[in-house]
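S.K.: One letter stands for each residue in the lines below.
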Amino acid sequence: MYSHLEQRLLNEWQREFPLEPKPYALMAEKLGMSESDVIGMLNELKEQGAISRIGAVVKPGSIGASTLAAMAVPQQQLEKVADRISAYPEVNHNYERDHRFNLWFVVTAPDEDALTRVLDTIEHECELPVMSLPMIDSYHIDLGFDLRFSSPVLEVQA
Amino acid sequence: MKPVQIENEDRRLLLQLEPGLPLVPRPYAEVGAALGMTEDEVLSRLGRLIASGVIRRFGVVVRHHEVGYKANAMVVWDVPDDRLATAASHLSAKPCVTLCYQRPRRLPEWPYNLFSMIHGTSEATVRQQIAALGEESPLVEIDHDVLFSRRRFKQKGAHYGPCRPSLVNREVA
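If you read the protein sequences in the order shown, they are chains D and W. For reference, each letter of the first sequence is one residue, going 1 to 158 in my numbering. For reference, each letter of the second sequence is one residue, going 1 to 173 in my numbering.
Hints in this document: simulated from the structure, not taken from any laboratory. Do not rely on the hints blindly, as some may be mistaken.
[Unchecked claim] In silico BS3-like cross-links for lysine-lysine, where the CA-CA straight-line distance does not exceed 30 angstroms:
1. LYS154(W) <-> LYS59(D)
2. LYS154(W) <-> LYS80(D)
3. LYS94(W) <-> LYS154(W)
4. LYS94(W) <-> LYS59(D)
5. LYS94(W) <-> LYS70(W)
6. LYS46(D) <-> LYS70(W)
Note that the coordinates shown come from a computational prediction; the quantities given were computed from them, not determined experimentally.
Construct the entire structure; sequences and hints are all you get.
M.R.: What follows is the structure, given as structure tokens:
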């Protein structure tokens with residue numbers, strides 16, 4: 001489990017990260033620890049994989065084109081096809097899901113043409129059709145996530 | 001979604017930030033140095049991008065699985081178009097729903113037009129949450145399907161910049 005300070009680092013700055021020259025110093029002040037300890041703890045959480053990054057979640061379509069793509073892959077080929085798709089730098093999420101469409105991945109590119117080219121290349125390389133489902137509207141985009149460390153739900157989790 | 005026009009300098013800044021804000025005492029100065037911008041300019045551009053909604057949130061991006069939310073399901077709904085907005089705002093208000101997007105149907109094989117993502121500590125918890133959602137008035141009798149995630153082959157931040165040609169145009173096997 002995470003220490004109390006780690007939990008606070010994970011939870012309290014998912015939004016409204018300080019736009020100040022020394023953001024980690026401000027966080028340190030709030031947490032009652034030193035700036036270098038905040039930086040060290042964030043580095044550790046990043047290495048452990050708990051934090052993917054500190055950064056911007058951008059409105060889709062504002063700096064490029066993106067889509068959610070799905071494929072129905074014969075089970076015995078799934079791992080091979082998934083590895084090929086993950087190798088594309090344009091692919092950022094790639095998951096197996098329990099459905100006939102069993103491989104789901106997100107593709108981003110500088111513009112629509114480049115996105116189409118990547119999808120075509122994937123189709124060609126994998127010899128399987130890709131179903132592209134670009135976003136039409138977002139009603140609720142990733143606004144961060146209250147991890148509720150204090151709730152009993154997480155405590156029973158191994 | 002319609003592409004939004006943003007200034008080239010803002011675009012460069014967002015691309016530079018893709019790997020994440022550096023973990024150094026003056027991170028905005030370091031980001032600026034790579035772009036030939038001052039720390040002040042980086043901060044004011046980020047402030048404007050947040051205010052205008054291009055940046056939907058700026059902060060710590062947590063990987064749910066690693067912090068104990070082991071189960072995630074994509075629940076997809078086939079909502080009649082005239083009820084889409086109602087169903088979507090109902091779903092979006094639920095704490096267990098982390099994303100809610102409209103996407104196109106691809107008939108006949110894909111009839112679903114509303115996508116929601118549900119994270120929970122276990123598959124059982126997530127199933128209970130989905131069952132409860134399906135009984136609520138705007139969603140009752142709406143055909144839906146549940147796609148639990150199994151193996152995660154890749155998860156990282158988006159990369160919108162140009163990729164190395166050797167990777168894009170690599171030989172087709």
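S.K.: Output the numbers, in ascending order, of every earlier hint that fails for this structure.
M.R.: Hint check: nothing fails, all pass.
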